[in-house]
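Novice: Just so you know, the sequences run in chain order A and B.
The working numbering applies: residue 54 is where the first sequence begins, and numbers increase by one.
The working numbering applies: residue 729 is where the second sequence begins, and numbers increase by one.
Any given hint might turn out to be false.
Unchecked claim - Distance condition first, Cα-Cα at most 20 Å in a straight line; then the derived PhoX-like pairs of lysine-lysine:
| # | chain 1 | residue 1 | chain 2 | residue 2 |
| --- | --- | --- | --- | --- |
| 1 | B | K788 | A | K62 |
| 2 | B | K816 | A | K120 |
| 3 | A | K62 | B | K786 |
| 4 | B | K877 | A | K67 |
| 5 | A | K67 | B | K856 |
| 6 | B | K852 | A | K67 |
| 7 | A | K117 | B | K877 |
| 8 | B | K881 | B | K736 |
| 9 | A | K67 | B | K753 |
| 10 | B | K753 | B | K786 |
| 11 | A | K67 | B | K781 |
| 12 | B | K788 | B | K881 |
| 13 | A | K67 | A | K55 |
| 14 | A | K142 | A | K104 |
| 15 | A | K62 | B | K753 |
| 16 | B | K856 | A | K120 |
| 17 | B | K786 | A | K55 |
| 18 | B | K788 | A | K120 |
| 19 | B | K877 | A | K120 |
What the hints assert, rightly or not - Far from chain A by the CB rule (all over 12 Å, computed), these chain B residues:
| # | residue |
| --- | --- |
| 20 | R742 |
| 21 | D746 |
| 22 | I749 |
| 23 | M828 |
| 24 | N832 |
| 25 | V848 |
| 26 | S851 |
| 27 | L855 |
| 28 | P862 |
| 29 | F901 |
| 30 | G903 |
Claimed, not checked - From the derived model, a few chain A residues whose C-beta atoms are all more than 12 Å from chain B:
| # | residue |
| --- | --- |
| 31 | M54 |
| 32 | K67 |
| 33 | T74 |
| 34 | E82 |
| 35 | P83 |
| 36 | I134 |
| 37 | L140 |
| 38 | S141 |
| 39 | E143 |
| 40 | L148 |
Honestly, the hints are just simulated from the structure, not real lab data.
Quick reminder that beta carbons are idealized off the backbone N, C-alpha and C, glycines included.
As a plain string of letters, each chain reads:
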Amino acid sequence: MKDTEDILKDDHFKLLAFLITSARGCVVEPPLYGPLRLVDAASRLIEIMRKEGRVNEQIIKLQKMIKERMDLVMYDEEMFIEFLDELSKELAKMLKSE
Amino acid sequence: MNLREIIKGRRAVRDFKDKEIPKEKLMAILEAGIWAPSGSNIQPWEFILVTEKAMIEKIKLISPGLFGNPAVIIVLCINRERAKRGGKLGGITALMDISMAAQNMMLIAYSMGIGSCPIVSFSKSALKELVDIPEHVEPVLILSLGYPKFWPKPPKRRPLEEVVHVERYGRHFKG
Chain A
54 MKDTEDILKD
64 DHFKLLAFLI
74 TSARGCVVEP
84 PLYGPLRLVD
94 AASRLIEIMR
104 KEGRVNEQII
114 KLQKMIKERM
124 DLVMYDEEMF
134 IEFLDELSKE
144 LAKMLKSE
Chain B
729 MNLREIIKGR
739 RAVRDFKDKE
749 IPKEKLMAIL
759 EAGIWAPSGS
769 NIQPWEFILV
779 TEKAMIEKIK
789 LISPGLFGNP
799 AVIIVLCINR
809 ERAKRGGKLG
819 GITALMDISM
829 AAQNMMLIAY
839 SMGIGSCPIV
849 SFSKSALKEL
859 VDIPEHVEPV
869 LILSLGYPKF
879 WPKPPKRRPL
889 EEVVHVERYG
899 RHFKG
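The whole structure should be built from the sequences, with the hints applied where relevant.
Specialist: Printed below as a string of structure tokens:
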């Protein structure tokens, strides 16, 4: 068993904490913050995968898109939704290429 | 910078340099908070200053809306026992008081080159447990503070012509 200090530094645990507290937040936050937390979690997951050497260029591209555009939720809802569509499309391109 | 420039220049900063904020500047920020207006002068606020890196990291874990690596976190809380003195309006007035205190803090911080971000996306129950906040005290806002890596561009604002009504609601300001 790992001790608590090690667990607090563990990226998987950080993602776990983010998911749990986001779930509670989504009960009261603006509706589009649900998608925001999901793509933020996706970016954090990609970061873990990157550190473990389990990514390719296409996955890194997804993370770049998220980091660059997730803030749109605060400024332009339509553009944010468009970004989510593009992100899904990018994911589909990756699936298609396999 | 004059006050107008400070008000218009402040931004929500989510990317901070790894640089400490001097104690005297932190004191100035906290002091600005207690000089905010307060309904019936109840001053329902309690501020928790967090500077220990390990605790900041823990607060980040339970705060989905907290981005970057701030040097300091201030948790702004309402003391519900004090707020009760405001009667039925005590709760809402306390929120306004906290908001005005937070604005004072963010503006003076900006005037000293320090960036800030107000955050409501955090787990209240987890935060109360983490920093030993008693039952009658409610954390309502987190301010993250630090020297910004960059100042974000200004977001669009609704124009005065849309927001301001002159003498009667619906008579829009024409400039």
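Novice: Could you run down the list of hints and mark each one as holding or not?
Specialist: Hint check results:
{"no.": "1", "hint": "K788(B) / K62(A)", "in the structure": "12 Å, holds"}
{"no.": "2", "hint": "K816(B) / K120(A)", "in the structure": "44 Å, violated"}
{"no.": "3", "hint": "K62(A) / K786(B)", "in the structure": "10 Å, holds"}
{"no.": "4", "hint": "K877(B) / K67(A)", "in the structure": "24 Å, violated"}
{"no.": "5", "hint": "K67(A) / K856(B)", "in the structure": "19 Å, holds"}
{"no.": "6", "hint": "K852(B) / K67(A)", "in the structure": "18 Å, holds"}
{"no.": "7", "hint": "K117(A) / K877(B)", "in the structure": "19 Å, holds"}
{"no.": "8", "hint": "K881(B) / K736(B)", "in the structure": "11 Å, holds"}
{"no.": "9", "hint": "K67(A) / K753(B)", "in the structure": "31 Å, violated"}
{"no.": "10", "hint": "K753(B) / K786(B)", "in the structure": "24 Å, violated"}
{"no.": "11", "hint": "K67(A) / K781(B)", "in the structure": "16 Å, holds"}
{"no.": "12", "hint": "K788(B) / K881(B)", "in the structure": "24 Å, violated"}
{"no.": "13", "hint": "K67(A) / K55(A)", "in the structure": "15 Å, holds"}
{"no.": "14", "hint": "K142(A) / K104(A)", "in the structure": "25 Å, violated"}
{"no.": "15", "hint": "K62(A) / K753(B)", "in the structure": "30 Å, violated"}
{"no.": "16", "hint": "K856(B) / K120(A)", "in the structure": "30 Å, violated"}
{"no.": "17", "hint": "K786(B) / K55(A)", "in the structure": "18 Å, holds"}
{"no.": "18", "hint": "K788(B) / K120(A)", "in the structure": "18 Å, holds"}
{"no.": "19", "hint": "K877(B) / K120(A)", "in the structure": "16 Å, holds"}
{"no.": "20", "hint": "R742", "in the structure": "8 Å, violated"}
{"no.": "21", "hint": "D746", "in the structure": "17 Å, holds"}
{"no.": "22", "hint": "I749", "in the structure": "24 Å, holds"}
{"no.": "23", "hint": "M828", "in the structure": "22 Å, holds"}
{"no.": "24", "hint": "N832", "in the structure": "23 Å, holds"}
{"no.": "25", "hint": "V848", "in the structure": "8 Å, violated"}
{"no.": "26", "hint": "S851", "in the structure": "4 Å, violated"}
{"no.": "27", "hint": "L855", "in the structure": "9 Å, violated"}
{"no.": "28", "hint": "P862", "in the structure": "21 Å, holds"}
{"no.": "29", "hint": "F901", "in the structure": "24 Å, holds"}
{"no.": "30", "hint": "G903", "in the structure": "25 Å, holds"}
{"no.": "31", "hint": "M54", "in the structure": "20 Å, holds"}
{"no.": "32", "hint": "K67", "in the structure": "6 Å, violated"}
{"no.": "33", "hint": "T74", "in the structure": "4 Å, violated"}
{"no.": "34", "hint": "E82", "in the structure": "6 Å, violated"}
{"no.": "35", "hint": "P83", "in the structure": "10 Å, violated"}
{"no.": "36", "hint": "I134", "in the structure": "18 Å, holds"}
{"no.": "37", "hint": "L140", "in the structure": "19 Å, holds"}
{"no.": "38", "hint": "S141", "in the structure": "22 Å, holds"}
{"no.": "39", "hint": "E143", "in the structure": "23 Å, holds"}
{"no.": "40", "hint": "L148", "in the structure": "28 Å, holds"}
Comparing the model with each earlier hint shows violations of hints 2, 4, 9, 10, 12, 14, 15, 16, 20, 25, 26, 27, 32, 33, 34 and 35; every other hint is respected.
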